[in-house]
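Each protein sequence line maps, in turn, to chains A and B.
Under this note's numbering, the first residue of the first sequence is numbered 33, with each subsequent residue one higher.
Under this note's numbering, the first residue of the second sequence is numbered 33, with each subsequent residue one higher.
Hints listed in this document are in silico derivations from the structure and should not be mistaken for laboratory results.
Hints should not be assumed to be uniformly reliable.
What the hints assert, rightly or not - Chain B is faced by these chain A residues, among others (derived, beta-carbon under 10 Å): (1) 35; (2) 94; (3) 97; (4) 99; (5) 107; (6) 132; (7) 156; (8) 164; (9) 187; (10) 193.
No residue lacks a Cβ here, since even glycine has one placed at the ideal position from N, Cα and C.
Protein chains: 2
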Amino acid sequence: MKSAPFTFQIDLPGGCPTYFEHHLERTLSAMQGQFLDGAAYDRLIKNGDPLLYEVFEISRPEVAGELIHGVSILRPGKVGEEFFMTKGHFHTVLDTSEIYHCLHGQGMMVMETPEGEWAVEALRPGVVLYVPPRWAHRSVNTGQQNLVTLFAYPGNAGHDYGTIESQGFRKLVVEQDGRLAIVDNPRWLPPAGRA
Amino acid sequence: MKSAPFTFQIDLPGGCPTYFEHHLERTLSAMQGQFLDGAAYDRLIKNGDPLLYEVFEISRPEVAGELIHGVSILRPGKVGEEFFMTKGHFHTVLDTSEIYHCLHGQGMMVMETPEGEWAVEALRPGVVLYVPPRWAHRSVNTGQQNLVTLFAYPGNAGHDYGTIESQGFRKLVVEQDGRLAIVDNPRWLPPAGRA
């Protein structure tokens, strides 16, 4: 981990940064139960478990004054009517935010709070998105190319994937009759409903 | 101040964001004593006190989990041999970092720590720069166009301009015989030397 200032660039359209310290690859099998169309999901897994996204991250000490940052590259594709997407997560320290700068591709950020608010914001090259503290967030690639975003969040934020794995997001981004639609997630249940 | 997620874009090459909450303009007269060539400084002030830079900022609550962010637009120009630059500052909470994404123009970030380390990193479109906690930072426009950068830092960071105002940066970026040079600041004295 570097102690002095440093720079890197991001090769576009691919999205790989010229410097990183951690590389994560998530294939479809990491998303069990998250996509609506189970049959389409199973077919894709059998046909080779496609890569959904990669994250190139610059690690920093996990303390509040640092900013962990990097590049997310979400592939284009669909599972049934639903677009390829990231797992999505709350921050473990709920009162921490995140900033995104979209560099390539077309997509949506699906967000919600524990209190039931939800929001969907469009991503296209040049868009800066601010995800305030308390908002879970998931990127969705609605285009034909890689969705490439630069991100930064406080070093102490942490990732809570479990809440979304168990309850999903309230909203899904799908293609219906050739058009983008934001629909209710029929599988979603409020946490209290699962008790 | 928005409580929900939001997006904005940055009009290039000008650099003005489509959404902001605070707009700061700094003219040369805010930089008294920071440029080496006092005669050149005085001439420019008499000729109309030119605008050096603008900052468009999205305000956020000044707490650690938030990220204050915005766009800095530093004009091209020189005061004698020295390029137009920002005041530069430490963060009041020294253990806070900052991330920059250069969107337009050519420049340098001049940085130093209270312990005497210094660094200069080149900025050009596409460069991501991480300024770790404890590093004071000043942008310098070495090009012919606006230097436009997107920045983000923890909401609790604060700005300590006074330390740089009184002691300057250890290094200056100048043009000598038509070439860029990083030179020692002859006016700089360690804080102990001023006691």
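Going through the hints against the structure:
no., hint, in the structure
1, 35, "holds (7 Å)"
2, 94, "violated (13 Å)"
3, 97, "holds (4 Å)"
4, 99, "holds (5 Å)"
5, 107, "violated (22 Å)"
6, 132, "holds (9 Å)"
7, 156, "holds (9 Å)"
8, 164, "holds (6 Å)"
9, 187, "holds (8 Å)"
10, 193, "violated (19 Å)"
Hints 2, 5, 10 from the list above are not met by this structure, while the remaining hints are.
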